[in-house]
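Q: Sequence:
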Amino acid sequence: MASTLERVASAKPSGTRFVIVEKSTAVVPDATIKVWNGPLPTLADVYRARAVIRQHLPPTPLLRPEALSERLGCEVFVKCENLQPTGAFKIRGGLYYMSQLGDAGLARGVVGASTGNHGQSLAWAARAYNSSATIFVPEGANALKVAAMRRLGAKVIHFGRDFDDCLLESQAFAELNDAVFVHSANEPNLVAGVATHTLEILEEEPDVDAVFVAIGGGSGLCGACLAGKGIKPDLQVIGVQSTGAPTVYEAWKSRTLVRLDSLDTFAEGIATREAFAMPSQMLWGTVDEIMLVSDADLKRAMLTLMETTRLVAEGAGAAGLAGAYARREMFAGKKVAVIVSGGNLTLDVLSDAINEECAW
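Basically this note's numbering = 1-based index in the sequence shown + 151.
Since the hints were derived computationally from the structure, they do not count as laboratory data. Note that beta-carbon positions come from the ideal geometry of N, C-alpha and C, so glycine has one too. No incorrect hints appear here.
When the alpha-carbon atoms are kept at most 27 Å apart in a straight line, the in silico DSS-like pairs for lysine-lysine are as follows:
#1 LYS485 <-> LYS383
#2 LYS380 <-> LYS486
#3 LYS404 <-> LYS383
#4 LYS383 <-> LYS486
Simulated restraints, written as ranges between beta carbons of each label pair:
#5 ASP499 <-> PRO190: 40 to 48 Å
#6 ARG205 <-> GLU326: 30 to 38 Å
#7 GLN322 <-> PRO216: 37 to 45 Å
Please work from the sequences and hints to get the whole structure.
A: Here it is, written out as structure tokens:
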């Protein structure tokens with residue numbers, strides 16, 4: 152039975168927060184819970200992606216910060232995707248996607264919708280493969296990410312209030328201009344590419360017991376499940392989302408493709424109103440848990456990372472640590488990996504975090 156999810160918030164955006172109010176209803180899939188009819192990525196695809204990505208990028212560091220392990224009461228490993236050239240894990244997916252596009256596709260150029268990190272990945276990969284990228288971003292998008300996309304040669308178009316508005320407009324633009332539209336989550340090659348972060352974790356630290364991953368559209372969490380469960384079936388894979396943007400959490404819990412009425416989070420990297428079909432199809436049968444953390448905990452996690460590791464994480468990038476801290480008793484004495492998915496943090500958001508919260 153379809154359900155309407157009420158999320159009451161101010162209709163006016165405040166600072167860098169995404170606050171949207173809209174009436175909508177969840178979509179109910181058929182009785183088999185089959186919501187995606189396209190191809191799904193495989194573990195073999197992940198290994199192929201790794202071979203491509205290695206031509207462009209070295210593996211990111213996997214740190215074992217003793218100070219952070221002491222605070223959580225378990226052995227913590229930090230996967231530094233914030234140290235990628237674009238400051239986020241999504242560059243992996245962009246590179247592998249472009250490598251599979253072929254000469255005709257590269258000549259057409261790519262179009263995407265993004266709050267910033269997916270757009271940067273497409274821009275970086277398009278430049279690497281001598282193609283072009285047009286990226287739609289919301290009004291009020293992260294200025295650091297917008298500047299980086301333009302610096303990489305992408306055409307950036309501001310449109311609408313949030314990612315979901317940009318998604319519709321970018322699809323129409325791509326069709327009108329005969330360009331290749333690249334969805335940020337419903338793309339098997341993107342997921343295969345980003346899954347290489349978990350492949351690297353397990354190759355370096357095969358005894359890890361759990362991995363905590365931020366969730367926006369779901370590509371990063373799908374990648375962690377694909378590589379993690381494929382290599383080590385008993386690995387615990389846990390997704391972390393903001394209480395102000397619980398789209399994938401609600402979809403996972405209800406087994407429906409949810410579209411939320413509103414979002415209220417400063418972490419634009421995990422602010423998506425709609426649950427997408429391919430990630431939902433993959434996650435419903437694989438992920439061990441999807442959990443929610445508050446924006447306050449995201450800020451505490453950002454500050455704790457800075458204090459214990461000297462790493463800079465944006466709100467979305469700190470979600471994995473926020474989840475691990477909330478589940479620290481469950482994993483006491485065990486080995487836990489936290490993926491710092493992005494580090495594109497603006498100074499105003501950092502200032503807010505320092506003024507409002509403290510490290511754990």
